[in-house]
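These protein sequences, in sequence, are chains A and B. Mapping to the working numbering: the first sequence position 129 is 129, numbers consecutive. Mapping to the working numbering: the second sequence position 219 is 219, numbers consecutive.
In case anyone wonders, no lab produced these hints; they're calculated from the structure. All of these numbers come straight from a predicted model, not from anything done at the bench. Fair warning: there could be bad hints in the mix.
Stated by the list, open to error - Calculated from the model, a selection of chain B residues having no Cβ within reach of chain A, i.e. all distances over 12 Å: (1) A36; (2) F121; (3) I171.
Unchecked claim - Derived Cβ-Cβ restraints for the label pairs, each shown as a range: (4) A:P268 to B:C117: 37 to 45 Å; (5) B:M174 to A:G79: 51 to 59 Å; (6) B:G48 to A:N312: 58 to 66 Å; (7) B:F114 to A:N312: 44 to 52 Å; (8) B:I145 to A:R227: 51 to 59 Å; (9) B:F176 to A:R134: 36 to 44 Å; (10) B:G48 to A:E210: 52 to 60 Å; (11) B:W113 to A:G224: 32 to 40 Å; (12) A:P268 to B:R120: 55 to 63 Å.
As the list claims (entries may be wrong) - Residues from chain A that face chain B, not an exhaustive set, calculated with beta carbons under 7 Å: (13) L17; (14) T19; (15) I22; (16) V23; (17) V52; (18) A53; (19) S145; (20) G228; (21) G256; (22) I260; (23) V275; (24) T280; (25) M291; (26) L295; (27) Y297.
Where a beta carbon is used, it is the ideal one built from N, C-alpha and C, also for glycine.
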Amino acid sequence: MTSGVLNLVVKRLGIALVTLLIVLFAVFFATSMLPGDTASILLGQAATPEAVAGLREAMHLNDPAILRFLRWLLGLLHGDLGTSYANQMPVAALIGGRLVNTMKLAAITTLLSVPLALTLGITAAMLRGSIYDRAVTVLSIGVISVPEFMVATLAVLLFAVYLKWLPALSSVNEAHSLTDLVRIYAMPVITLTFVISAQMVRMTRAAVIETLSTPYAEMALLKGASRGRMVLRHALPNALGPIVNAVALSLSYLVGGVIIVETIFNYPGIAKLMVDAVATRDLPLIQSCAMIFCLGYLLLITAADIVAIMSNPRLR
Amino acid sequence: MTMARAAASRRSLLGHSYNLVGVVASLVILAWTLVAIFAPYIIPHPIGDIVDDDYFGPMRQGLLLGSDYLGRDMLSRVLMGARYTVGISLAAVCIACFSGVVLGMVAAVTGGWFDTCLSRFLDAMNSIPSKLFGLVVVAAVGSSIPVLILTLAVIYIPGAYRFARALAVNINTMDFMTVARVRGESTAYLIGSEVLPNIIRPVLADFGLRFVFIVLLLSGLSFLGLGLQPPLADWGALVRENIGGLPFAAPAVIVPSLAIASLTISVNLLIDNLPQKIRDRDA
Numbered sequence: 001m002t003s004g005v006l007n008l009v010v011k012r013l014g015i016a017l018v019t020l021l022i023v024l025f026a027v028f029f030a031t032s033m034l035p036g037d038t039a040s041i042l043l044g045q046a047a048t049p050e051a052v053a054g055l056r057e058a059m060h061l062n063d064p065a066i067l068r069f070l071r072w073l074l075g076l077l078h079g080d081l082g083t084s085y086a087n088q089m090p091v092a093a094l095i096g097g098r099l100v101n102t103m104k105l106a107a108i109t110t111l112l113s114v115p116l117a118l119t120l121g122i123t124a125a126m127l128r129g130s131i132y133d134r135a136v137t138v139l140s141i142g143v144i145s146v147p148e149f150m151v152a153t154l155a156v157l158l159f160a161v162y163l164k165w166l167p168a169l170s171s172v173n174e175a176h177s178l179t180d181l182v183r184i185y186a187m188p189v190i191t192l193t194f195v196i197s198a199q200m201v202r203m204t205r206a207a208v209i210e211t212l213s214t215p216y217a218e219m220a221l222l223k224g225a226s227r228g229r230m231v232l233r234h235a236l237p238n239a240l241g242p243i244v245n246a247v248a249l250s251l252s253y254l255v256g257g258v259i260i261v262e263t264i265f266n267y268p269g270i271a272k273l274m275v276d277a278v279a280t281r282d283l284p285l286i287q288s289c290a291m292i293f294c295l296g297y298l299l300l301i302t303a304a305d306i307v308a309i310m311s312n313p314r315l316r
Numbered sequence: 001m002t003m004a005r006a007a008a009s010r011r012s013l014l015g016h017s018y019n020l021v022g023v024v025a026s027l028v029i030l031a032w033t034l035v036a037i038f039a040p041y042i043i044p045h046p047i048g049d050i051v052d053d054d055y056f057g058p059m060r061q062g063l064l065l066g067s068d069y070l071g072r073d074m075l076s077r078v079l080m081g082a083r084y085t086v087g088i089s090l091a092a093v094c095i096a097c098f099s100g101v102v103l104g105m106v107a108a109v110t111g112g113w114f115d116t117c118l119s120r121f122l123d124a125m126n127s128i129p130s131k132l133f134g135l136v137v138v139a140a141v142g143s144s145i146p147v148l149i150l151t152l153a154v155i156y157i158p159g160a161y162r163f164a165r166a167l168a169v170n171i172n173t174m175d176f177m178t179v180a181r182v183r184g185e186s187t188a189y190l191i192g193s194e195v196l197p198n199i200i201r202p203v204l205a206d207f208g209l210r211f212v213f214i215v216l217l218l219s220g221l222s223f224l225g226l227g228l229q230p231p232l233a234d235w236g237a238l239v240r241e242n243i244g245g246l247p248f249a250a251p252a253v254i255v256p257s258l259a260i261a262s263l264t265i266s267v268n269l270l271i272d273n274l275p276q277k278i279r280d281r282d283a
């Protein structure tokens, strides 16, 4: 019985691994399509043709693309991310601290948005059709329909311009006390929480409504259970799978969200690093950042799928 | 195929009643479409002209939406921006949905290794976050209108494919498909005359949703400075170049945001308020 689930999970993990390879391949090739010769860019305009040819040889740029891809992959496995073109520093050193900053931002957002979104989603589903439900639905559709940067600009307008509670820019270096910390993280976290929660509220609400319309939920009501008991004891445990699935899927929106939020608030995270790398066309840096983002995204959507498999009693 | 589509839309226009929200939403979309087409003839000032002594000027007579960070007329810039935002998104969504739907129907009808390989590959494409894909492509080949259209289209082909394939797989199990196969019809006939007419309505609704995604992504990329390059400016780029006006709540930074929101929310509301028969998958 359980071996069936195990099989499916292993199969799903296998697919994720193959997908990861394809994605890495795509990232590598997209970035190596860059016009202009890397060696001559590195050496500058004064370089002699011999120097360029020598550097091309030393960097293995003359090898076929597939060989360079495999070499890059091998380097990744050894934790060698390459050297940045822009300032000759190892990419791993550039990314390290930035990645921690982004993870902090993501973690705080998750801690805030998951309870918030679940509460809103479940209560909206329970009070389906009420004014409260309509307000939650309209608000979440509104947030989903506008670009992330608009949520961010509205948050700045409200909290920094009109209310003057918070600074518009964040800079992690200046944190000396708890209040500093709150002021620094508040704007990016508020924006991201809005963006992520809207998606989560919609999906949670849909999942709970679906369970509430099942015969056993109706049965619980008919046998005399209170509405609250029906939702908490009968419906919620069965909606748990879809809800966790919704949470994981919504969290994958963090990947797109942080790119905008870190740029607009000047937050020193890995997404800002990548946007800057795109501006300077720093290939190894772009490749590594893209890889990290794809990895995170893939982990979340794979987790969502596995939860869906595990929580489906028909597969058990 | 075109006849079937025309018949379907005629029926939906006459046979169903639209509610108020749907009508208002379609009017907003229509207005932006007209603006996108006729923008060069209706703008009050040339978009490059500096018409205000002050930058980030307020709304007033003559400059209805104030002025931007160089003192240019914001109304003209927003109206011209509609051209790029609507035009590029529309071109991209047409390519994405056309390729995705055709591939999806062919995969569902032929099945076998073609279906398996294509589905695997497009699923993998779908595992690349869209903004990231845009960033990498722009880093690789630079940003121009054709590149943007193609990139946006490629990003949303997997989604359109998945949607159409899921619908077409259901149709494929119907008896009339078996009959058509036994008659010896070609794949082109099968997808064009048997499958498409049966899935066209949900596919059109999906077209609208995907249009919204593309508008949002294009605006996001332009906002990051990776979309349209100056002197061209779509709505996302307008927000970016005027972001300095945010501390004074200048109309120059708010109006383009509102323009994007009015378009995307209208499309979403229109789809949500379409008559049930058009929206539902199995209608």
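Against the structure, the hints:
no.	hint	in the structure
1	A36	18 Å, holds
2	F121	7 Å, violated
3	I171	25 Å, holds
4	A:P268 to B:C117: 37 to 45 Å	42 Å, holds
5	B:M174 to A:G79: 51 to 59 Å	54 Å, holds
6	B:G48 to A:N312: 58 to 66 Å	59 Å, holds
7	B:F114 to A:N312: 44 to 52 Å	29 Å, violated
8	B:I145 to A:R227: 51 to 59 Å	56 Å, holds
9	B:F176 to A:R134: 36 to 44 Å	42 Å, holds
10	B:G48 to A:E210: 52 to 60 Å	54 Å, holds
11	B:W113 to A:G224: 32 to 40 Å	56 Å, violated
12	A:P268 to B:R120: 55 to 63 Å	38 Å, violated
13	L17	11 Å, violated
14	T19	4 Å, holds
15	I22	4 Å, holds
16	V23	6 Å, holds
17	V52	21 Å, violated
18	A53	24 Å, violated
19	S145	4 Å, holds
20	G228	30 Å, violated
21	G256	4 Å, holds
22	I260	6 Å, holds
23	V275	6 Å, holds
24	T280	10 Å, violated
25	M291	10 Å, violated
26	L295	10 Å, violated
27	Y297	5 Å, holds
Hints 2, 7, 11, 12, 13, 17, 18, 20, 24, 25, 26 from the list above are not met by this structure, while the remaining hints are.
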